Structure formats: C-alpha cells, structure tokens
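Based on the sequences and whatever the hints tell you, model everything.
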Amino acid sequence: MKGIFIFISAILLILLEAELLASQSTISASVTVVCPGIISIKTAPAYIKYLNLSLNYSLEEAANCIIPNATGILNIINKANSSVVFSKHVGFYNVSSISTQRLSISTNSLPNTTYYASLNLSELGYAIKGASSEFELLSPANVVVKISAYPSTINPGTPISISIELNNTGSLASSSIGINGLISGPQKIYFNYLASPLAPHQEENISFSFSNITAPGSYTIYAVASYNSLLKSSNQILNSSSYAFSSFLVSHPTPSPTSPSPSPKPVPVPKPIRSIPQVGIISAPLLASAIAGTSLLSQLSIVDTSNATEIINLSVPSLYSSMLKLSASSFFIKPNESVAIQLGFFSNSTTQSGIYNIPINITASIANKSSTVTEYVQFEVLRSRNSSILNQLILANNTNVADGILKIYNPTNATMVNVRASTLIPKSAVSNISQINAYGLINNITEENGYYVINWLVPYLPKGSSTYAYYSIYKPESETLLSSIQNIMEVPSYVKPSSTLRLININVPTFYANTTGHIVAEELYTGTSIQSVAVQLLGPPGISIVPSLIIENASPNQVLVQIFNVSMLSSGTTMLNLYISMQGFNETYSIPALVLAPTTTTTIPQTMQPKPSSLSQSLESALIFTILIILIFSIIVANRKRGPRYSEERASSLKEIREMIKRE
Amino acid sequence: MPYIMRISSQKGGVGKTTVAVNLAVSLQRRGYRTLLIDADTANPSVGFHLGMTNVNVGFKNLVKKEAQLKDFISIHAPSGLHTICGTIDSKPFTISEENAKTIYSKIKNTNYAFVIVDTQPGFTTDYIAKVYDEAILITTPEDTAVASIIRLAHSFDKIHLKHHLVINKIGRHKYELHPKEIEEAYEGKAIGMLPEDEIVPMSIAEHIPAVMLSKRAKFSQATVALAETYSAMSEYTPDEGISKVSFWNRLWSLFKRR
Chain P
1 MKGIFIFISA
11 ILLILLEAEL
21 LASQSTISAS
31 VTVVCPGIIS
41 IKTAPAYIKY
51 LNLSLNYSLE
61 EAANCIIPNA
71 TGILNIINKA
81 NSSVVFSKHV
91 GFYNVSSIST
101 QRLSISTNSL
111 PNTTYYASLN
121 LSELGYAIKG
131 ASSEFELLSP
141 ANVVVKISAY
151 PSTINPGTPI
161 SISIELNNTG
171 SLASSSIGIN
181 GLISGPQKIY
191 FNYLASPLAP
201 HQEENISFSF
211 SNITAPGSYT
221 IYAVASYNSL
231 LKSSNQILNS
241 SSYAFSSFLV
251 SHPTPSPTSP
261 SPSPKPVPVP
271 KPIRSIPQVG
281 IISAPLLASA
291 IAGTSLLSQL
301 SIVDTSNATE
311 IINLSVPSLY
321 SSMLKLSASS
331 FFIKPNESVA
341 IQLGFFSNST
351 TQSGIYNIPI
361 NITASIANKS
371 STVTEYVQFE
381 VLRSRNSSIL
391 NQLILANNTN
401 VADGILKIYN
411 PTNATMVNVR
421 ASTLIPKSAV
431 SNISQINAYG
441 LINNITEENG
451 YYVINWLVPY
461 LPKGSSTYAY
471 YSIYKPESET
481 LLSSIQNIME
491 VPSYVKPSST
501 LRLININVPT
511 FYANTTGHIV
521 AEELYTGTSI
531 QSVAVQLLGP
541 PGISIVPSLI
551 IENASPNQVL
561 VQIFNVSMLS
571 SGTTMLNLYI
581 SMQGFNETYS
591 IPALVLAPTT
601 TTTIPQTMQP
611 KPSSLSQSLE
621 SALIFTILII
631 LIFSIIVANR
641 KRGPRYSEER
651 ASSLKEIREM
661 IKRE
Chain S
665 MPYIMRISSQ
675 KGGVGKTTVA
685 VNLAVSLQRR
695 GYRTLLIDAD
705 TANPSVGFHL
715 GMTNVNVGFK
725 NLVKKEAQLK
735 DFISIHAPSG
745 LHTICGTIDS
755 KPFTISEENA
765 KTIYSKIKNT
775 NYAFVIVDTQ
785 PGFTTDYIAK
795 VYDEAILITT
805 PEDTAVASII
815 RLAHSFDKIH
825 LKHHLVINKI
835 GRHKYELHPK
845 EIEEAYEGKA
855 IGMLPEDEIV
865 PMSIAEHIPA
875 VMLSKRAKFS
885 QATVALAETY
895 SAMSEYTPDE
905 GISKVSFWNR
915 LWSLFKRR
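Order-wise, the sequence lines are chains P and S.
Numbered according to the working numbering, the first sequence spans residues 1 to 664.
Numbered according to the working numbering, the second sequence spans residues 665 to 922.
Since the hints were made in silico from the structure, they are not lab data.
Predicted, not measured: the structure shown is a model, and the values here were computed from it.
Even for Gly, the Cβ is constructed at its ideal location relative to N, Cα and C.
The reader is advised that the hints may include incorrect statements.
[Claimed, not checked] PhoX-like mimics (lysine-lysine), calculated; alpha carbons at most 20 Å apart, straight line:
# : chain 1 : residue 1 : chain 2 : residue 2
1 : P       : 655       : S       : 772
2 : S       : 772       : P       : 662
3 : S       : 844       : S       : 822
[Said to hold, decoys possible] Label-pair restraints from in silico Cβ distances:
#  : chain 1 : residue 1 : chain 2 : residue 2 : range
4  : P       : 71        : S       : 725       : 20 to 28 Å
5  : S       : 901       : P       : 50        : 48 to 56 Å
6  : S       : 769       : P       : 112       : 50 to 58 Å
7  : S       : 677       : P       : 50        : 45 to 53 Å
8  : P       : 150       : S       : 707       : 50 to 58 Å
9  : P       : 567       : S       : 901       : 49 to 57 Å
10 : S       : 707       : P       : 552       : 49 to 57 Å
11 : S       : 769       : P       : 571       : 29 to 37 Å
12 : S       : 879       : P       : 173       : 48 to 56 Å
[To be verified] Covered, in the sense of this in silico footprint (three residues per stretch, anywhere, with C-beta under 8 Å from a C-beta of chain P), are these stretches of chain S:
#  : stretch
13 : 804-814
14 : 825-839
15 : 844-850
Right, here's the structure in full:
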C-alpha cells in the first residue's frame, strides 16, 4: 500500500516538474510590454427616475506611453440582487494621456434602488484594474392632489368652501407648488395659490372660500398643481404636474314665502325614486395624429343612459385646454338621446412631439346629483413624416387624377381592434362625390360638414405594425385645397358596463403526458381607462402551471395575451379553470384539455428464448430474500452498536456544571 | 391571541434557525396560522432557508417604525407561512426594551396561532418574560452547548419564562452526549429530539425547508412530531392545512423522484 502511494507521488512530482518547466519556457518566449493604465468612473451619488442617467468613465495612461487598444465591458448592476441591468462594450484606442467617454441611459424601466457602475478593461489580453462607482435611483416628488367642495349644494351667493389636499408620495421633496384653479360653470372663477415645498410623505391642506357664485347651475372645480423635483448632486430637475376636480351645484332661488294663512295640511305624497345620472360613451378617438403646427377634428359621441333629462358638462383640464377644444361644454340631453361633440386638436410649431393622454371630464347631473366619467383621448404630435397616419397625394403632370396613399400605423404598445381612420377631403376640392374612389381597406364615403369623408376600417392592427389604403380623386377642382386634406385615426370604444372585458380566444394544444404545452388566452378590453386585469389558470393537483397568475394593466381597446406553460402528468381529459377578474368583473371559464399517452418507441421483436423453469425461479427468489434479511439484520445490529452510551461519570460532571452556574 | 415562542441558545451553530423555520412551516402546513420573525439582528438567515433573500423589507424596518406591521410581512408562497425576514444587507443593530414591547404588543393583537421568533445567540434582558409565552432552548449533544443551555435555562427561571428543551443534531456518535445525560443536566424532559440528517444542509443549499424537501427524512419526521406536540397544546382550530395526498399520487411522486 505504502509502495503504491510512493509510486503515485513520484509520478505526480514528475508531471508537476514538467508543467513548471513548460510554463517557464512559455513566459520567456513571449514577453509582452503593456502600457499601464488607470480606469476611473464618475457617477453622481443619486439620480432622479425618469431622467437620463449620465456618467463619465475614463482611461489614463500612467507611464508616459501609449495604450494602443483597451476594450472591456461597462456594467450597471443592481446592488440588491447583483443583476446586471445595463451592459455595454467599450473601447479606448491610442490613449496617450487621458481619454474620457460618456454614457447616458434612460432610467424609466429601472427600479428605485442602489446600483453601481463597474468598468473592466483589458489591454492585449491583460486586465487593467477595474473601477466602480455607486449611486442611487430616487423617485421624483409626486404630489397627489385631492379636491372637495363643502357643502355640495349651495344657494346663490352663499359661501362655499373648497379644500385642496396635497400629499407628496415621492422620495424627493418638491419645489414650491403652484396651484392654478378654475371654477367652471355658468360663472367662471379663476384662482391661484403658491404652496410651500413638500418633503417626502408630507401633506398640506389648503382651503378657499367663495361667496360670489350667484348663477345657478352645475359647477366643476379644477386644480392643477405644478412643481418640480430638484437633485443638486446630479444637477437634475424634473417638472411635474397633477390635477384633480370636483363638482358642486348652485340651486335655483326659492320663491319668497307668502303671508301665512290657514290652510289644510297637505297629504304627504310619496317621493318619486330619484333618477341616477348616467352617461355612456358611444365612440371616442383613441389616437389622433397631427404634425406639429397643424390641427385636426374628431368627435366624441355620448348617450344619456339614465331615465331622466341630464345636464352634461364637459371639460378638459386647463393644462390641455389649448391643445383640445370642445364644440360644446354644457348642454341638456334626453334619455337615450345621443350627442356628438366635435373635438378640435391643436398644436403649434413649438409643441413638443409625443403622445399626449388628454382627459375629458364628463359630468352628468340630475337635480342635485351628479356623476363624472373621464374619457382619455390620445393626441399624437409629430415632428417628422414618420406619422401614425401618413398621407401621400400625388397629382401627376398632364393628368387629372390625384392618387393618394394612406399609411396607417399603430404607434402604441397595444394591439388595436376596429381602428377607424377618416380622410377628410374639402368639398370644394372635388366636383362630385362620385369622383372619389377608395380601395385597399373596407371603406365608405360620406358627406359631412363641408367635407367628403372616406371612412376606413382596419379590423385588427397589432402594435408597431402598419397597413395601407389607397384613394384617387378624379378631376380635382383645386390643387391648393388638395393639400389641406386631413386624416384622423380613431378607435371607437363601445362601452357596455357588463362586458368591458371578454375572452376572445383560448388556444389549448393537444397535450402528451409528462410533456409541457402552452395555453394561450386572449381577452379584449374595451373600457375607457387603464385597469388592472388578473388572469389565473388553475388545474387539479399534480398539474404544473407556470405562471399560474398573470396580472397586467389593460389599456382601452387592448388585446391582452397570456401564455401559460402547462405540464400534464397522466393521460385523459383534464379540466382546467381560467379565472379572469378586474374591478367589478369576474368570469370563470372551464377549459377541457385532452392529454394523450406519451408516444411509444417501436420495439424490435426478439428471438424466442426458452423460459426459465418455475423451480429455478423460486430458488432464485428465496436466495435473494435470504440475503436481504441478513443485510437488514446486520444494519440493525450495526446501528445498535453505534451511538453514545449513557455514562454516570459524564452525567454527574454536567450536574456539577449546572450547580456551579446556579451558584453564580 | 397568538402563542409567542422564542427560539434561543447561547451558542451559535446549534441549528436555531433550522428548527425555527421547519417548526414554523410544519405548524403552518398543519393549518395553524404561523408568523416567523427573524430577529437575529446580527446574522439574519431565515431568508436563506426559505429562498427569500431578495426580500428587502423586514425586521429592521419594523424596528425603525417605518410603516405598519402588515407592511413587513412577506408570504412564503410554497407553504403559506407568513414571515418577517431579516434584511441581509443591513448592519447589526440593537432593539430598545420600549421598542421591543411596542412591537410585541402589536404582534399580540394579530390573529396568528403561533409566532416563532428566531433570535441571535447570547444573553438577553428581563423584559423578554413579558413579551414571550415560551422559550425553546436548542442544544446539540456536546458539553459546551449543554452548559450554555443550562445557563440560559437558569436565567429564564429567574425571570419566570417557561422553557422547553430541544436536542438537535443527534448523530449516534460514540463521543457525543447521551440524551438522558442532557435531560438530567437540564432537569427536565426534552420536548423534541432532532437527528443529524443530511437533508438539513441539502435544504439550506436548495433554499427549501427540510420538511418540504423530504417528508420521509428523519429530521422532517421529528420536526413534524414536535409541531404536533405544539399544535396539541394550541387553543386554535386549525384551517384546512395541507391537502391529503392520495396513495396513487404518493406512489407516482415516488417513481418521479427515482
């Protein structure tokens, strides 16, 4: 045994010697001179979320030489879980003194936590000592505004108290908060106030009292809070605003009481059940696009879904009042009557490009009761020709036909269904409606308010995709008027309170036992505001579903898609349950899934062999059984022998220790 | 009112957290609403046992009174156990007596059947008798661990805090103390005897409590027996608890494991 050990040790020593010799000869054969460098990385101690994160990193040579080529990776790492949230290959070339580079990335998708930026470079395969810098991502000030009016109904000229609550729910303090208020109704009153800065989680209440409201009717109060978040260390500033609204009613003056005269007591008449104000939205533009400096028209259709005549007040927060104009802001509407309000979207050359989510507050009032719904419309202001609805009209020389190509593009992050686009051709540009020919998409041509309108219908437009429509105008009357053709894109959102969310597709594959398949569920959400939707797929015990629960935010007219990975164990029909829930909505769907037995491989028939005799089989079984019994018995005996034995000596020594402790 | 138990030892490495986690999971799986608190302010490790190291709020925030008690409770999804984890990135800190009393008065008002508090090794102050219903003393079959447990039991006797003994890591080695020797020194019967089992290091590496990783392991069976002892003492009616697994499903899982 010892001899074998010495022999193996000797062989190992020889091999180690040979390895050392080989490595020494390699080093002496390829001596590489590397110019030493120092890496540095500079970040601010903190950055504001939603603003870009900028940092500088540099490489400095440290021995009066030139670093020809140093490459490596710059990582931004979440300190809490060490996950890399951003990674970039960087390179420095011919660095003779110091070379600095800058990185700027968006922080929108990063959680608020501590990160560190780390840079590692290598020069000619040799690592330069890396550098890192730590920083924190902070959420900006977020001032939540709440507004209330007390009492909710006043007599003309009596005081009303308006209370505005401000609460900073962000991680940074806000600047002074400018409040611009408007009391809108038969009388208009503007008010302003400058509130002091709010620290994180600090609240402030401001009260106003007005006693000069004399015109009866329904009023809406709006308050827009404008403020900014400042982070000196990173020299960052983020402007923000938030708003709230509430309503109250100024009742009609009651006639002065006549001189008291004896009269029989009136018999009390049961009061009629009061109508509840309700308004439904028939259609609204989901996205209207226009190049900065131009304007376009669209419409909002609403219906009185109550059983009484309602006063409707429409308003747009003052922040957006220059961008969206309404053709009417206050009117009466009878039960089941529908009204279409023209929406004018305006932008000027200085309007910043992007998608604006503009709220339209619709307040319906019956007597002193009112209810408000908010419809959001998206207005896309474009800077370039890369529009969501792009129109190219070509009037070829020496012809009397103008050919138009319409590109309809879905710039949103959601699939759109039943997209409607309208091409508005001024009537005076064309002699007759029959001179317009439209094709490529489902369409009809109508005549409305001085325009010939081509109504296009796109049944389904996935996110980021585009489709094309074509039209021709024969014998155009005016070339100049052709240039004023407008295009609007809208998605009608039909609101049915009971079915704003519905399952439109469920794809269940044929499963095989012990394999995984995908179940795909698709729902269409036709609500008017963003809602959180939870979809859960559950099965009987033994079936693995990953993920089982998916929660996502649904935007108006979005098709939600969930993919569940399902592993089935045994064959047969398995009943799965799909639960879809949203605020005020709960549906359960039973989904039968067919699970087939796993596919079997073909076996090659074997040649016939003599069967072993039953006697030899039973002898063999008996032998195995005896060996097993002996084995188990010996394990039990071995276990019994193992383990500690009780020792009086040790026990008394422990007792002594116990007594010593007690005496202390 | 919940029954609050403190898992104690004066010596490190005796398996306090292992016992705390597995006892808590066993009670929860038997249908008793259980809250496990990692109050080891120096070296919190419940998160490692439960695979919840990414939880970034916990006992530290509770002590700092940063929000309500319910805001710091995380749920261990596989077992349903409620837990207030120790935050791994926090520096060691101390808790004032007043602060501890406030925290435990809030806990007393919850509807948990059991609250198990995993504490750090070492001595403690008199006020703990007022906040805990019982202390479980953990020892291993070694002289040093037993001596420290005797010391702790003596100090708990002085402040009139009820305690029970659990002997952990019983390994059947010739050189270790016999359980009877430990019980005689402790002057009482051990409420639980947990064997040394390789399922324990495996469960820590897998971040799955041993009682969930293998129900047949000796350690798991002994822990479940300990949970049964405590549940028999509880005045609470358990919820439905873990679903019964049919014979065929057990057989199938046996084949699957092989």
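Query - Hint numbers contradicted by this structure - result: Result: hints 1, 2, 3, 4, 6, 9, 10, 11 break, sorted rising.
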